[in-house]
Amino acid sequence: MAWSAEPFSPAHDELRATVRRYVEAELQPYAAEWESAEWFPNEVFERMGELGFLGLTVPEAHGGQGADYWATVVLYEELMRAGSAGLASAVASHTDIATPPILRLGTDAQIEQYLSPAVEGKRVACFAFTEPDAGPDLADVNTWAKRDGSDWLITGVKTFVTNGVRADCCTLAARTAEPSGDERAGGISIFLVDTASPGVKVERQAGKVGMCAVDTADLVLTDVRVPEEALLGGEGNGLELARELRGERLIASVQAVALAQRQLDLAMDYAAQRRVFGQAVADFQVQRHRFAELSTRIEACRRLVYDCCDSWNLGTASELDIAQCKLASAGMANWVVDEALQVYGGYGYSKEFEVERAWRDMRLLRVSGGSDESQREIIGQALGL
Amino acid sequence: MTETALPLYDDSHDALRARARQFVDTEIVPHVGDWERSGEIPRALFAKAGDAGLLGLKFSPQWGGGGPDYVAAAVWLDEVARPGFGSAGGALSSHSELAALYIDTEGTDEQKERYLKPSIAGSLVGALAITEPGAGSDVSTVSTRAHRSNGGWRLTGEKIFITNGASCDFVIVVARTADDPHRGLSLFVVDADMPGFTRTRLSMLGFRATHTGQLVFDDVVLGEESLLGTMGEGFYALMRRLAWERIYMSICAVSAAEQSLRTAISYLGGSARVADRQASRHRLADLVMRVAQARAIVEQALRCYVGARAAGEELDKASRRLVAQAKLYTQRVALDVADEAMQVHGVAGYTATQPVERYWRDARLGPIGGGTDEIMREIIAGSL
Chain U
1 MAWSAEPFSP AHDELRATVR RYVEAELQPY AAEWESAEWF PNEVFERMGE
51 LGFLGLTVPE AHGGQGADYW ATVVLYEELM RAGSAGLASA VASHTDIATP
101 PILRLGTDAQ IEQYLSPAVE GKRVACFAFT EPDAGPDLAD VNTWAKRDGS
151 DWLITGVKTF VTNGVRADCC TLAARTAEPS GDERAGGISI FLVDTASPGV
201 KVERQAGKVG MCAVDTADLV LTDVRVPEEA LLGGEGNGLE LARELRGERL
251 IASVQAVALA QRQLDLAMDY AAQRRVFGQA VADFQVQRHR FAELSTRIEA
301 CRRLVYDCCD SWNLGTASEL DIAQCKLASA GMANWVVDEA LQVYGGYGYS
351 KEFEVERAWR DMRLLRVSGG SDESQREIIG QALGL
Chain C
1001 MTETALPLYD DSHDALRARA RQFVDTEIVP HVGDWERSGE IPRALFAKAG
1051 DAGLLGLKFS PQWGGGGPDY VAAAVWLDEV ARPGFGSAGG ALSSHSELAA
1101 LYIDTEGTDE QKERYLKPSI AGSLVGALAI TEPGAGSDVS TVSTRAHRSN
1151 GGWRLTGEKI FITNGASCDF VIVVARTADD PHRGLSLFVV DADMPGFTRT
1201 RLSMLGFRAT HTGQLVFDDV VLGEESLLGT MGEGFYALMR RLAWERIYMS
1251 ICAVSAAEQS LRTAISYLGG SARVADRQAS RHRLADLVMR VAQARAIVEQ
1301 ALRCYVGARA AGEELDKASR RLVAQAKLYT QRVALDVADE AMQVHGVAGY
1351 TATQPVERYW RDARLGPIGG GTDEIMREII AGSL
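Heads up: the sequence lines are chains U and C, in that order. Residues 1 to 385 (our numbering) are what the first sequence spells out, left to right. Residues 1001 to 1384 (our numbering) are what the second sequence spells out, left to right.
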């Protein structure tokens, strides 16, 4: 067959094969251990940088591959086969949320200092938007950056920062001016903060029920001094980050679909070899029908997400498109993985198979990175309600 | 004249409930966080429950029990499950409602003296081992073998996912004494210190402080006195007793669901996120309705169970269907309510600083353990 209805070119397929080999050889064998240890080594970032995975959409001039968004889709679909959604989300925070603003808004010096080492995997980036009282709405940010000579002093608390412990640099949203008039989000600026700066206290978020391998942390900033050069783009352009928030939701949707597919595939494998009442589990009509339903829901969601990826690639993805993807894929992945877990019977409840980990991991998607409720609000507003 | 359904709880049950709640509030609730984190429930809890007369509610005073009163046992378990800490109920119920129960219904007086009395006192902890790596829902494929030997048996095989199995003093093992799938199974009481018996603790998604075990029997020598009940009757003994497991699991699920509801409603009441409120309120309203139905159906199943017992009868087809329906209905409701409680807490609920993630992980066992949802549907469909 000389044509394909899939959005992936032969170059994408080649990338997929390369990533798959890497995941199978260098991630899958360690996922369980890293999940248990609640840490994966920084070498993972270095190695992925070495393999060119951390700058897929970064221009070649800055050390990247110059590829399109579909390359990103391929990378994250394959990373979801590693067995640690947390690790995948950590890498995505680095490549798709923390660093794109630097490319888009940064000076040559900022790109040199903050982006290039991130692409190489030599420095890890995190982003800090959310605060205890500021969720999806950037306008609620209450971390303040106050002028001090030619520097800024930043004070505030950021919560649930992915890579918060290991990150070298933080793309941080802070208020530099009071909101004026109707523009509540005006007065928010973006800073690149070295996490080793005095006044930055990192408190690891202990006891997460899932996404265990990723070091989520609170960042407590007390009069953290940053130079003028730390300001990314102009003062008050914090709303640029809304793009990254949308990007976060889209890549999470891609990951959710891929993980759901993975767990369906593994459950079907299990059902084919596990025997009960004289036949394979897969041979019972209810299981056949269950698998049929799971595969259908995944496929429908995949196509919705792919449509949105196409729009994103072209720069035309709307807030409504993204919200629907996030809401649909989070719900679908939770449901699919729950059904897949049921297929394993008692083994689904044990740590012998990775399905219980996937069940815990997917739960985060409905409350974070754009909760179900916040996505419904966006959709409702987009519908003119 | 046909007896109408009796009210389920009398004054003695109300008094017991108050006593049980006091016990749970004093001995369990203050420690839940620590025990979940450490993965350890102190052994002393069994003795404390025994001293308080809470482990022998189904059993005769001859053995130190306060029964037989199955409704009382249901009340006690309802209270144990109330704080939303599945491990306590899991450990205590597998001991008193499974292990001790089989000694009571199948055992000789010697066996009751040796195992039931101390179980009621809480000085011995028991487990029931049916499931194997290769035999779950289909009990007739159990392959742990008891070979006749020297007037006794030698036991060889493996059991998995056994609650209390990793630390119990004795375990009731379902083993094959003949090839016939159903008529070839027998029950044996195995002491933990018998040579050839080893076990490891398993790490599970929930019930983290319960000592779930993988048990290996390598030519364990059993004497005549280890046989529990009649040889070849093991499968039928299980079939008679499984209904009780499903009923008490259903009671525990409803109780846990009610705790999840209370937690969600309380958190939402304090929430500043006005935009979320109406939708959450409506979802909770739907769940309140389902939880109420869950409680109603399990109490009806309990009514049927104790009615049949009082009449000295086996459960009829309608009652067996009801028990399966109660189990099927209650477990999924408990999971859905726990899930909503998680959702209401937002990202804060994703860490162990809040109890909801524990409610949610514990609830996931319900549609699997004690008879999967699929098996319940088979039973229900088979009875229509």
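To be clear, the hints were calculated from the coordinates, so they are not data collected in a lab. The structure presented is a predicted model; accordingly, all values stated were derived computationally and were not measured. All C-beta atoms in this analysis are idealised placements derived from N, C-alpha and C, irrespective of residue type, glycine included. Please note: incorrect hints may appear among the correct ones.
What the hints assert, rightly or not - Covered, in the sense of this in silico footprint (three residues per stretch, anywhere, with C-beta under 8 Å from a C-beta of chain U), are these stretches of chain C:
(1) 1201-1210
(2) 1291-1299
(3) 1348-1358
Unchecked claim - Distance windows between CB atoms, simulated:
(4) C/Gly1033 <-> U/Val220: 51 to 61 Å
(5) C/Pro1007 <-> U/Val220: 38 to 48 Å
(6) C/Ser1266 <-> U/Ala242: 54 to 64 Å
(7) C/Ala1279 <-> U/Glu112: 24 to 34 Å
(8) U/Asp265 <-> C/His1182: 46 to 56 Å
(9) U/Ala292 <-> C/Ala1285: 24 to 34 Å
(10) U/Gln273 <-> C/Gly1196: 28 to 38 Å
(11) C/Ala1044 <-> U/Glu46: 45 to 55 Å
Structure-based check of each hint:
1. 1201-1210: holds (count 5)
2. 1291-1299: violated (count 0)
3. 1348-1358: This one holds; 6 residues, not fewer than the three required, reach chain U with a Cβ under 8 Å.
4. C/Gly1033 <-> U/Val220: 51 to 61 Å: Given about 24 Å between the Cβ atoms, the range is violated.
5. C/Pro1007 <-> U/Val220: 38 to 48 Å: violated, 58 Å
6. C/Ser1266 <-> U/Ala242: 54 to 64 Å: violated, 34 Å
7. C/Ala1279 <-> U/Glu112: 24 to 34 Å: violated, 47 Å
8. U/Asp265 <-> C/His1182: 46 to 56 Å: Between U/Asp265 and C/His1182, where Cβ atoms are some 36 Å apart, the hint is violated.
9. U/Ala292 <-> C/Ala1285: 24 to 34 Å: holds, 33 Å
10. U/Gln273 <-> C/Gly1196: 28 to 38 Å: holds, 30 Å
11. C/Ala1044 <-> U/Glu46: 45 to 55 Å: holds, 50 Å
Going down the numbered hints, you'll see the structure goes against 2, 4, 5, 6, 7 and 8, while the others check out.
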